[in-house]
Each structure stands twice: as structure tokens, then as C-alpha cells.
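Q: Sequence:
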Amino acid sequence: MKFKNTVIILTGVLALTAVAPLAATAAPVTGIKVSKDHGGIVIQQTGQEVHEVLGGTSPTMDLTVDKGYGHVKIKVRNQGTSTISWSLQGNGKEYVYKTVGKGGSLTWNSLNSFPNGMPSGKYVIQFRADGNKVDGEAWATTGQYPSDIN
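In mature numbering (1 follows the signal peptide of the UniProt record, and there is no 0), the protein residues as written are -26 to -1, 1 to 124.
Rather than coming from a laboratory, the hints here were simulated on the basis of the structure.
Hints may be right or wrong, so weigh each one.
To be verified - Only pairs whose alpha carbons sit at most 16 Å apart, straight line, appear in this in silico EDC-like list of lysine to aspartate or glutamate:
id: 1; residue 1: Lys72; residue 2: Glu23
id: 2; residue 1: Lys76; residue 2: Glu111
id: 3; residue 1: Lys49; residue 2: Asp36
id: 4; residue 1: Lys49; residue 2: Asp122
id: 5; residue 1: Lys41; residue 2: Glu23
id: 6; residue 1: Lys49; residue 2: Glu23
id: 7; residue 1: Lys76; residue 2: Asp36
id: 8; residue 1: Lys72; residue 2: Asp104
id: 9; residue 1: Lys96; residue 2: Asp122
id: 10; residue 1: Lys76; residue 2: Asp122
id: 11; residue 1: Lys49; residue 2: Glu111
id: 12; residue 1: Lys96; residue 2: Glu68
id: 13; residue 1: Lys96; residue 2: Asp40
id: 14; residue 1: Lys67; residue 2: Asp109
id: 15; residue 1: Lys76; residue 2: Asp109
id: 16; residue 1: Lys49; residue 2: Asp104
id: 17; residue 1: Lys72; residue 2: Glu111
Being a predicted model, the structure only gives us computed values, none of them experimental.
Sequences and hints are given; from them, build the entire structure.
A: What follows is the structure, given as C-alpha cells:
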């Protein structure tokens, strides 16, 4: 009987030593940052991320700035033959008005105009091309810290 108990205990110990290295290698790896292509915007800690393919004569893109995520970055790529003008509107006012020449792109962030972050709320980005078709793409993201959108 003593011999059987010893064999059972040794078998259990052997099984655990065989499984322990496998469990260690199966542990998730942390601390690796993978960069994503969001129109060239590298995402770190963000609130909302939006992407829109622009078409028609007056397309819009919705953006929500949650409380604590007031740092905003917007990139617009113009793939059309007309200049695109775009504005960021919300809370009853226009915050930004920019233009992007044909074939160009423009990245805007809120850090210069709103160093402490934009007010939380729902925003609309309105795109126009002087009555012509808007052809392009737009990306937007919000972040907790200025470094989140750089």
C-alpha cells in the first residue's frame, strides 16, 4: 500500500512539472503596442474612432466626444477634383472650418485651439465641395490625453 501511494504522489508531481512549462508559455503577452492604419492616425487610448468614405454633395460624419475624451484629431483626404471644405459643428456652434485642396490631405487636432480638450457632446463634421461631388475619406478619434492623438 505504501508503494502505491508513493507511485501516485510521484506521478502527480511528474504531471505537474510537465504542465507548468506549458502553462507558462501559454500566458498572454502584455505591453506590446500594435499600430493600426486609421488614415495614418496611430491609436493609443481613445474614446470614439470613426471613419467615413465621403460621397455626394454634402456628406456628414458624426463624432461624439465623451466626458474626459476631449482631445480630438480629424484627418480628411481629398480624392476628388474640387477643393473640400469641412467644418466641425456641435453644441450650437461651429468650432473648426478648414479646406483641403484636390488630391491633398489635412490633419487637424484640437491641441492648439483647445489645450484642455473640447467640450463633451455630439458633433457633426460637414463636408462640401462648392456644389460638386465630395470624393474622399475622413477619420476622427478622441483621446483622454494629448499624447493619445499625436
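Q: For each hint, tell me whether it holds in the structure or not.
A: Hint check results:
1. In summary, the hint linking Lys72 to Glu23 is not supported, as the alpha carbons are separated by about 20 Å, beyond the 16 Å threshold.
2. Between Lys76 and Glu111, the direct Cα distance comes to roughly 12 Å. Compliance with the 16 Å bound is thereby established for this hinted pair.
3. Only pairs whose Cα atoms come within 16 Å are accepted, and Lys49 paired with Asp36 is accepted, the gap being roughly 14 Å.
4. Proximity of Lys49 to Asp122 is assessed by CA-CA distance (about 15 Å); at most 16 Å being required, the pair is judged to hold.
5. About 15 Å separates the Cα atoms of Lys41 and Glu23, which keeps this hinted pair within 16 Å; it holds.
6. At roughly 12 Å between alpha-carbon atoms, Lys49 and Glu23 fall within 16 Å of each other, so this suggested pair holds.
7. A distance of roughly 23 Å separates the Cα atoms of Lys76 and Asp36; the hinted pair therefore is violated under the 16 Å criterion.
8. Proposed proximity of Lys72 and Asp104 is supported: the alpha carbons are some 13 Å apart, at most 16 Å.
9. A threshold of 16 Å between alpha carbons decides the hint, and for Lys96 with Asp122 the separation of about 20 Å lies outside it, so the pair is violated.
10. Restraint check for Lys76 and Asp122: the C-alpha separation of about 29 Å exceeds 16 Å, so the hint is violated.
11. The suggested pairing of Lys49 with Glu111 holds, with an alpha-carbon distance near 8 Å, which does not exceed 16 Å.
12. Taking the CA atoms of Lys96 and Glu68, the gap is near 12 Å; set against the 16 Å cutoff, the hint holds.
13. For the given pair, Lys96 sits about 8 Å from Asp40 by alpha-carbon distance, which is consistent with the 16 Å threshold.
14. A threshold of 16 Å between alpha carbons decides the hint, and for Lys67 with Asp109 the separation of about 26 Å lies outside it, so the pair is violated.
15. The hinted pair formed by Lys76 and Asp109 meets the criterion: a straight-line CA distance of about 9 Å does not exceed 16 Å.
16. With a CA separation close to 20 Å, the supplied pair Lys49 and Asp104 exceeds the 16 Å bound.
17. A threshold of 16 Å between alpha carbons decides the hint, and for Lys72 with Glu111 the separation of about 15 Å falls inside it, so the pair holds.
Taken one by one, the earlier hints fail for this structure at numbers 1, 7, 9, 10, 14 and 16, listed in ascending order.
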